[in-house]
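J.: Now for the letters of each chain:
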Amino acid sequence: MTPSLLALLAIVDAAFAGFRAGAGRNARIFKRAYYARSMLIGTLFGVMLVTVLGGVTLLLLAASADPAQQYAELVAVGSRMLWVFVPYAVLVLSALALYLFSDHDLRAFATVAILGPFTLLRPWVIAMGAAVGLCASVDRVTWILTLIACSSVVLSGRLLDRRARLRL
Amino acid sequence: MHADAPEISDLVVAYDPETLARLPVRREQVLGELEAQRMPRAVRIVSSWPHERGVLDAAHVDRVLLTAHHELTRLSEEFRQGERMLRILRPLLAALRSAGVRAPYRIVDVGCGLGFVMRWLAAHGGFADDVSLIGCDYNAAFVRLAQALADEERLDCKFVVANAFRLDSEATIFTSTGVIHHFRGEGLKRFLFRQAAVAPAAFVHADIKPTYLAPIGSWIFHEARMREPLARHDGVLSALRAHSGESLLEAASSACPEFAASLFDGQRELVPILRVMQALVGIRRELLPAFNDQLGSLQNHFREWK
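In order, the protein sequences belong to chains A and B.
The numbering of the first sequence is numbering that gives the first Met the number 0, which starts it at 0 and goes up by one.
The numbering of the second sequence is numbering that gives the first Met the number 0, which starts it at 0 and goes up by one.
Just so you know, these hints were derived from the structure itself, not from any lab.
Hints may contain errors.
[Stated by the list, open to error] Here are the simulated lysine to aspartate or glutamate pairs, DMTMM-like style, with alpha carbons at most 20 Å apart:
hint: 1; chain 1: B; residue 1: K188; chain 2: B; residue 2: E249
hint: 2; chain 1: A; residue 1: K30; chain 2: B; residue 2: E76
hint: 3; chain 1: A; residue 1: K30; chain 2: B; residue 2: D61
hint: 4; chain 1: A; residue 1: K30; chain 2: B; residue 2: D155
hint: 5; chain 1: A; residue 1: K30; chain 2: B; residue 2: E82
With the sequences and hints as input, model every part of the structure.
T.: As structure tokens, then:
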């Protein structure tokens, strides 16, 4: 459950990173297809990232002296990270639903109070998730894998942005 | 930064007021002004731009401004600038019809930039054939792109390099979004006076609402949504430079007393996050009763008419 949820969150995050990378680069009025494509690219990027991180995890588990213990440690860290990530994701997705399906004033509230500030907070939320996840762990491999995973999620937004910029 | 500090975009372009020809801008003059205003970040931004013999490279300046305006389009989408304008224009046009103002109705957007609001209105406004949408800007690069985008999406609106108050045909309604804070002090009154001299039926000028949260909110949004340093810099400054509702109404009553003026969404809020934009709305006094009849529940969004 924990690995699947983390993978899902990473892919959803990448989809939104794809949207952000495309936003502000196309001044047309009708651009649903453009945004859909941007999100699809983000999603594919997220799937690739999760696949690579999953592969690295499997390699590390295979190389571990006690794979079951190592896996349990990783899941424990991941579960603690979800304490931070799930509320953040629920808040942002709720605000997005409010923005898409409510009236003018509530849309303004959703974007001003949540969507804008929480986009800015995203790297810090990921850092906090890593800190909360790792606070009770002393396992070096778990630390390295967690830090690589969190850094690559943060960097994925920048890479997608750079890709969109170079395509202009 | 303070409210009277200039935005970079105000300093790096200049036009001949008569011919609207682009004038060369001396880098040292811009940097000197920014240094005098103690704006080190702005100095760093402009210092990095190419120049030839001390004159800023106009093509580079346009590229930066176009990038910034692309990013601004994204904010316009997010903050639903087109929708807000339409909410005001619909009853306004209905009022003009009911009061017997003769068609055609020409809506002229002042300082249209990439023409987002006019193009959005052309796409979603559902206006009758006797309503035309025209965007005016001094910057030819903006106007060319705005027209190209409108043509590509087959939107019925037109963009021209022109002084909006010197068009060949009469404007019925003047609009603008995020423009009027560029007119400072007496400049705002002059703007409204020149607008009134063209005798439109009404005007709607939307801009950031200056509240205690506006500067920090603007900073958050420009950091989160914009990439171009100029856009980030000027965007935050815009929130500081936005005119208060009282200043706007005072300027309107002094510069164009023949118009009844009020603020759309100008109410003070305890936590000002629901209505981050306000609009100075003016209508010829004799047309105000017809407008009030058309407002319905939108009446609550207006402050007292002056």
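J.: Confirm or reject each hint.
T.: The hints, checked one at a time:
1. With a CA separation close to 9 Å, the supplied pair K188(B) and E249(B) stays within the 20 Å bound.
2. Restraint check for K30(A) and E76(B): satisfied, since their Cα atoms lie roughly 11 Å apart, inside the 20 Å limit.
3. Only pairs whose Cα atoms come within 20 Å are accepted, and K30(A) paired with D61(B) is rejected, the gap being roughly 24 Å.
4. In summary, the hint linking K30(A) to D155(B) is supported, as the alpha carbons are separated by about 18 Å, within the 20 Å threshold.
5. For a cut-off of 20 Å, the pair hint linking K30(A) to E82(B) stands: about 17 Å separates their Cα positions.
In summary, the one numbered hint that this structure violates is 3.
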